[in-house]
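**Q** Protein chains in written order, with the working numbering: chain X, -17 to 295; chain W, 63 to 503.
Treat the hints with care, since some could be wrong.
[Said to hold, decoys possible] Coverage of chain W stretches by chain X, computed from C-beta distances (three or more under 8 Å per stretch; other residues unrestricted): (1) 151 to 163; (2) 169 to 176; (3) 475 to 487.
[As the list claims (entries may be wrong)] Non-contacting residues of chain W with respect to chain X, defined by C-beta distances greater than 10 Å in every case (computed): (4) K115; (5) S201; (6) G325; (7) A363.
Hints were generated in silico from the structure; no laboratory data involved. We put the CB at the ideal spot given by N, CA and C, even for glycine.
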Amino acid sequence: MTSTQVSAQAPAPQAPRARRRRRLSRFSKRDIVILAVLIGIPVLLDIALIWGTTLTSIGLSFTDYNGFSSPHLVGLRNYHEIVTIYEPFWRAVRNNLLWLGTLGLIATPLGLLLAVLLDKQIRFTRVYQSIFYMPVVLSLAVVGFIAQLVYSRDYGALNSVLGRTSDPIDFLGDPSINIWAILAAAAWRHVGYVMILYLAGLKSVDPALKEAATIDGANERQTFFRVVFPTLRPINVIVLVITVIEALRAFDIVYAVNSGRNGLELLSVLVTANIVGEASRIGFGSAIAVILLVTSLGFVIAYLTQILREDRQ
Amino acid sequence: MTQSTPDQPLRLASSTVSRRTMLRSTALGAGALAVPGVLAACGKSGGSSGSSKTVTFGSNYSDAIPKGGLAAVMAAYQKSSGVTVKINTQDHNSFQENISRYLKGNPDDVFSWFAGNRMKFFAAQGLAADISDVWSGLSGFSDALKKASTGDDGKQYFVPIYNYPWAVFYRPSVWQAKGWQVPKTLDDLMTLCKTIKGAGMDAFAFADKDGWPAMGTFDQINMRTNGYDFHISLMAGKESWTDPKVKQVFETWNSLLPYHQQGANGRVWQDAANSVQQKKSAMMVIGSGQIAQSFQGADAADLDFFPYPAINPDYGQDAVEAPIDGYMVSKKAKDLSAAKALIKFLASPAAENAYQSVDGGNIPTNSGADTSKFTPFQKKCQEYIAGAKQISQFMDRDTRPDFASQVMIPSLQSFINKPSDVDSLLKNIDAQAKSIFATDN
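Pulled out of the complex, with its shape left as it was, chain X reads as follows:
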């Protein structure tokens, strides 16, 4: 403790070399040990939990490992089978894309719209905020259970509301519509999430900007799209990232509804079903996981290059 104190308060006139050595010695041995431990632990955890598992998955994806007997290399066979004969795969890809599209193109703009409306200090704005934000505090698994109560063919509320009790629509069992029913439930939750983020962003927009735009003769729409929206850029980035993450990690809601089968396949579900299910096709499931990883990396790389390019400008 004292050495640091002394070195820090050391008188100025010193040779540059000596000073540099002194500066180095500001860290005592104990400091260095502590720092090494503090940096070392996260690095080791990162290597073990992130890199280790990722590389293991990639390695296993080229084997027929089943969790019991020793794995054999099978080359690209798992990948070949996934894209050729594993029927649920393409449905899962399509559903993940639908998920991304629905959250990105419908739920997110809707959340923005609600945020803008609620930002106008209309009456009962707090009440509306609470109502729209409510679903966000529910886990998606719970949303899945609620969805079943609403959509069930035999006792669901929606068929009663639509008056189709004699010829009910099978919202959850019909694979041509069940993904839309589930997306509506997922979007219901996403809208509130996006709304709160934009609401926070809108509150921080300098009112002077809007005033200036009004003085310059901009109408309300121009003010929003030319002035307010560009200043929300940090929020936009966050919302974009959240939307992509939500679309790729979607799992719990379909798992709660029907274990992610029969039209509700998602890549994450296929990974889980193959690896941790009774099937225990770990090699095969790892190959799907690697495909999901590569897809995610595509988004991450695109996003990072965009950010870095803008930072450089």
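Using the hints provided, position chain W relative to the given structure of chain X.
**A** Only chain W this time, still in chain X's reference frame:
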């Protein structure tokens, strides 16, 4: 910290201390974070070590009535032996889906499982304890039951508690009122289905949201069309799924599908069974153990069944599907002798009687069990199984678990959605079957 006033120069000493303190507390924090991990790692192993009087039991008896039955069995054991059995109940489907991880992780000493291939698979992986020594002291089990409890290496890994027949279940009072006769052949069945539809009811209650119930209908039609031997051989991956014989099964099924309850993929079997009880559907292909749960109290007497109608006269109604449920000891059991003592009790007539006192939908496997209180329904189930020429287990017990869960569940669900496209479906099943059965266990 008090040095917030800007004019007061920052005292380095105190700042050093505060940095140190912060570092130290961070380090402590990291340590604290690591501790729960260590605790968790040894968490489950505590509790029942040594000669303590507790055995843990992993149960998939999550439906209310079987759960009560199991509780009665364990209470009886506790009373007779003084050993406490800690039952860890998991949802039935989740238990099955997680079984590999469960057995490789920290399994309970004794756990509920299924006979046949499904038991052999895990025995072959070395996850179950050999209980041949327990078996040498058991009585009351037929050779067929012993065979169903024996692994590929000739040792026993399983004790059966009960089995139950799959058949076509219906409410006799409804059928009598309508004047419907039990169908003996496929033609009878088709005619009857049309009559039932005309009466404004669904002929067959049908559900496949869970993925497995539709397998039962496939098994029945396949064994009636192509016989038991072909069915078992198909399940073992020794036949081609593109064989015209298999196509015939799906075509027969397709002709019956219009008389099945619609929207099966969105319905759980419990709701389908209830629709028979509520007189909305006329009959259901299901196990007696399942549908009996919907017929409690006064309704229990109004439940009957008939074997699935004959399709190919060569095979008639010879084969009966009667899955056997029972128990196994995990390889990692903390106290092997205590676990074996429990499983020995579970194989006894006393355990069977305790179970039957709560759940009457199943048939005890031990011939020493008390059948004097059997209802006519239970007697009929027992005689049906006893009179079988061949007994199959169930698709997901007669074939590999990965094939059943990853190929057949999605495939049967797509068949229900799009029954017309059988050719491409079978081609796809065949390709996946070839790939899965080519890999060793």
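**Q** Does the claim that G325/W lies off the interface hold, with its Cβ farther than 10 Å from every Cβ of chain X?
**A** Nearest chain X Cβ is 4 Å from G325/W, so the label is violated.
**Q** Taking the closest pair, is the beta carbon of A363/W still more than 10 Å from chain X?
**A** 26 Å, holds
**Q** How does the coverage statement for the stretch 151 to 163 of chain W fare against chain X, requiring three or more residues with Cβ below 8 Å from a Cβ of that chain?
**A** Held - the stretch 151 to 163 of chain W has 7 residues with a Cβ nearer than 8 Å to chain X, which meets the minimum of three.
**Q** Three or more residues of the stretch 169 to 176 of chain W near chain X by CB distance under 8 Å?
**A** violated (count 0)
**Q** S201/W clear of chain X by more than 10 Å, beta carbon to beta carbon?
**A** S201/W is indeed farther than 10 Å from all Cβ atoms of chain X, at 33 Å.
**Q** Please check whether the stretch 475 to 487 of chain W has three or more residues whose CB lies within less than 8 Å of a CB on chain X.
**A** holds (count 3)
**Q** Just double-check K115/W for me: nearest Cβ-Cβ distance to chain X has to come out over 10 Å.
**A** 33 Å, holds
Hints 2, 6 from the earlier list are contradicted by this structure; the remaining hints agree with it.
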